[in-house]
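As they're listed, the protein sequences go chains A and B. Numbering of the first sequence is given in our numbering, commencing with residue 150 and proceeding in unit increments. Numbering of the second sequence is given in our numbering, commencing with residue 78 and proceeding in unit increments.
Bear in mind the hints are in silico, worked out from the structure with no lab data behind them. Hints may contain errors.
Within a straight-line C-alpha distance of at most 30 Å, the following computed DSSO-like cross-link-like pairs (lysine-lysine) qualify [as the list claims (entries may be wrong)]:
hint, chain 1, residue 1, chain 2, residue 2
1, A, Lys-386, B, Lys-338
2, B, Lys-137, B, Lys-276
3, A, Lys-359, B, Lys-137
4, A, Lys-157, A, Lys-188
5, A, Lys-202, A, Lys-188
6, B, Lys-338, B, Lys-444
7, A, Lys-157, A, Lys-359
8, A, Lys-157, B, Lys-441
9, B, Lys-441, B, Lys-459
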Amino acid sequence: MIRSLQIKLVLSLSLLVVMLLVAAVMSMMEFRNMGDSVKGVLNNNFSSIEAAKRMMDALEREDSGLLLWIIGDREEGAQTIHSSQAIIRSALRDAEKNITETDEPRHISDITEGYDAYHASVLTILEEASPPAEAKETYDNETRLLFFRAKLAVNALLMLNQEQMYHQSEIIQERSRRAMMPAFISLVAAVLFALLLFYFIRIYFFRPVKQLTESIRDYYPEKGRLDGGIVTRDEFKQLEEEMNNLISRLLWRRDNHKE
Amino acid sequence: MVRTRVVIKYLGYILLFNALFLFIAALISLFQRESSLNALLFSAAMCAALGTFPYLFVEKVEELRFHEGLAISVLGWLLTCIMGMMPYYIWGGEFTLTNAFFESVSGFTTTGASILTDVEALPMGLLFWRSSTSFIGGVGIILFVLLVLPEKKGVQSSFYRAEVSDLSKMSFRTRSRHIVRIIVTVYFTLIITETILLKLLGMSFFDAVCHSLSTIATSGFSTRNQSIAAFNNARIEMVITLFMLLSSMHFGLIYATMTGKKHNIFTSRPSRMYMILVATGILLIAFQLFHEARYNLGDSFRYAAFQVVSLTSTTGLVTADTSLWPLFSIVVLIYFSFQCGMVGSTAGGIKFDRIYLFFHSVSKQLKLILHPNGIYTVKMDKRTIEHELELQIMVFIILYFFTFFVTALLLSLMGLDGVTAFSASFATLGNVGPGYGDVSSFGNYAAMPVAAKYLLSANMLLGRLEIMNIFALFMMSRRK
Chain A
150 MIRSLQIKLV LSLSLLVVML LVAAVMSMME FRNMGDSVKG VLNNNFSSIE AAKRMMDALE
210 REDSGLLLWI IGDREEGAQT IHSSQAIIRS ALRDAEKNIT ETDEPRHISD ITEGYDAYHA
270 SVLTILEEAS PPAEAKETYD NETRLLFFRA KLAVNALLML NQEQMYHQSE IIQERSRRAM
330 MPAFISLVAA VLFALLLFYF IRIYFFRPVK QLTESIRDYY PEKGRLDGGI VTRDEFKQLE
390 EEMNNLISRL LWRRDNHKE
Chain B
78 MVRTRVVIKY LGYILLFNAL FLFIAALISL FQRESSLNAL LFSAAMCAAL GTFPYLFVEK
138 VEELRFHEGL AISVLGWLLT CIMGMMPYYI WGGEFTLTNA FFESVSGFTT TGASILTDVE
198 ALPMGLLFWR SSTSFIGGVG IILFVLLVLP EKKGVQSSFY RAEVSDLSKM SFRTRSRHIV
258 RIIVTVYFTL IITETILLKL LGMSFFDAVC HSLSTIATSG FSTRNQSIAA FNNARIEMVI
318 TLFMLLSSMH FGLIYATMTG KKHNIFTSRP SRMYMILVAT GILLIAFQLF HEARYNLGDS
378 FRYAAFQVVS LTSTTGLVTA DTSLWPLFSI VVLIYFSFQC GMVGSTAGGI KFDRIYLFFH
438 SVSKQLKLIL HPNGIYTVKM DKRTIEHELE LQIMVFIILY FFTFFVTALL LSLMGLDGVT
498 AFSASFATLG NVGPGYGDVS SFGNYAAMPV AAKYLLSANM LLGRLEIMNI FALFMMSRRK
């Protein structure tokens, strides 16, 4: 059992410091985790979403290029088709490098397959160089359907990553709550701690001071010993004992002086 | 006069005890690399810091007054429940502030009522903490603190008087200071034996430990969404049924049976009556289930036995949806939810011994009407029951039903349907867990209004502290 009031105070304040430190470390760790999650979302899902959007744009441009080619603007049409193809292949490579979800490889493979079929159909129209009416018929009967199939596959990849991003944002929201919680609870605990400390200071500091003051005020030499009513064995008990020693010495001197 | 600093000191001990289990749960989370690690570690640190603080200041106490023991007992439970919700609330998920408090109270009072719709989503560390709350609450945190308390006997006996009922002390037939050791010995023996048996029957070690803690503490918390039904294993169900039955019997009698004493669970009259009543309940329900072709004969007994023992022991683990059973079976089950286990066990509710003595008192009163000058006594296992204890039992039963009706009334005012309101009231007051309506066997308390969750939490605490202690504390504060 610790008897010194000084040690008691130092230890109790150290406890408070430790408690606040733990809360701070926990909050920092959670915030760091949150930062990692945000970075993860940007690196993984957002890149895939960007790649899917690039594919979608390029796919639509390729289709527009084909329609241009069919209505007679063959040079610009062909150019648009080739540039779009390069963009789609590049976006597909980006998506392949950035696989983070379980279903993602399947979706990328669907896009590759769908786009290959569509692009092959486009090239067939270009190679055959049929008159516009015939080319349009091939487009309506075959190419357009393949275009929609490829577009659906790209859309599925986009949806998958968007859903995952939404899910990740929920996790981040939860993490931010977890990061705040230790700070909030520490605040409540610190208030509780302060109240308890105040209570103990009142009991173990102010009360003995008051008791000793009152006993000194009511003291007269005939009483003999000074009774401060201190029950603890701390510095106040020592003070009471020393005061009694002082009284004894003073009384002894007074008695000897008389003699 | 209650010395506040002394009460604070012992509340600190209780927090330190909680901190120990939180650290163990944090260790599990650490090894499993789970998201609950920080929540558990932080809660443990908070409990340890707040628990150590009063220990630093308050000097050793020579004697504890009865009122102080009572205050520590009631406030200790309340504080434990509040601190116990911390890891849930910090972790988040389905745990809002209200839900975290409800789950914590439900665990410590061994009710087993849950707000979780997906238990399996919880990390292992939190699942362990959830089972630990039942373990701590099973025999009562005060009894655990008594076991390790470095204080004088004067302190221990005050705690003991506040925590263990007079009726419960009767069947121990030993000195008070041995009783705590007997209770804890039986508690640990049952938990260890059940864990080994469940492991041998194919459960994972973690599941076996959690379910043993849950069974022996009669809480009913499971690690699975479908409770014990998830294992679909008749041998596991048999083992759990046996241990639920044992946990609902007087631990003093179990200890006497284990040590070969004459006065044991087979020779004690209330104990024999209790077993006969449970067997009758099983037979009646099994017969009806078989007669109405709900199950074959074997399964009728299997499901009836599990559900009857689970409810009478106030465990609340389930293997079948009893709300789909015939009305007569439901009524029998409701009776067992009120009657519950025996005193001196971990079960909640009115307790069989009280009902046993209640009917003997009624019979005594009837005899006195016929023969006003006659001298009649009520006896339990050849021991005469004092008139004061008889009155105490009557008052307890009246208060129990009064609390039950008031809670049901308030719940219906909150917009709950009649079946849900009444069953939630008796299921929480008796610390049973599952009821009927929205809170049936496979249902939960998630959809309850916020006010209802707090009301039911108070009900669980009232039930666990056997009502009288809380009322006594209120009287004490009013007298001040």
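TODO: Would you mind confirming whether the straight-line C-alpha gap from A/Lys-386 to B/Lys-338 stays at or under 30 Å?
DONE: Between A/Lys-386 and B/Lys-338 the Cα gap is close to 54 Å, so the pair fails against 30 Å, i.e. violated.
TODO: Below or equal to 30 Å on CA atoms is what counts here, so check A/Lys-202 against A/Lys-188.
DONE: Judged against 30 Å, a Cα distance of about 20 Å means the pair holds.
Open item on the list: For a C-alpha distance cap of 30 Å, please report whether B/Lys-441 and B/Lys-459 respect it.
Closed with: holds, 16 Å
TODO: Please work out if B/Lys-137 and B/Lys-276 have their alpha carbons no farther apart than 30 Å.
DONE: violated, 44 Å
Open item on the list: Just to be careful, I want the Cα atoms of A/Lys-157 and B/Lys-441 compared with a cutoff of 30 Å; is the pair within it?
Closed with: violated, 61 Å
Task: 30 Å Cα cutoff - pair B/Lys-338, B/Lys-444 - done: violated, 35 Å
Open item on the list: Would the hint linking A/Lys-157 and A/Lys-188 be met if the CA-CA limit is 30 Å?
Closed with: Violated, at about 46 Å.
Open item on the list: For a C-alpha distance cap of 30 Å, please report whether A/Lys-157 and A/Lys-359 respect it.
Closed with: holds, 20 Å
Task: Pairwise hint evaluation, B/Lys-137 against A/Lys-359, where the allowed Cα distance is 30 Å at most - done: Holds, because 23 Å separates the two Cα atoms, which is no more than 30 Å.
When each numbered hint is compared with the structure, violations occur for hints 1, 2, 4, 6, 8.
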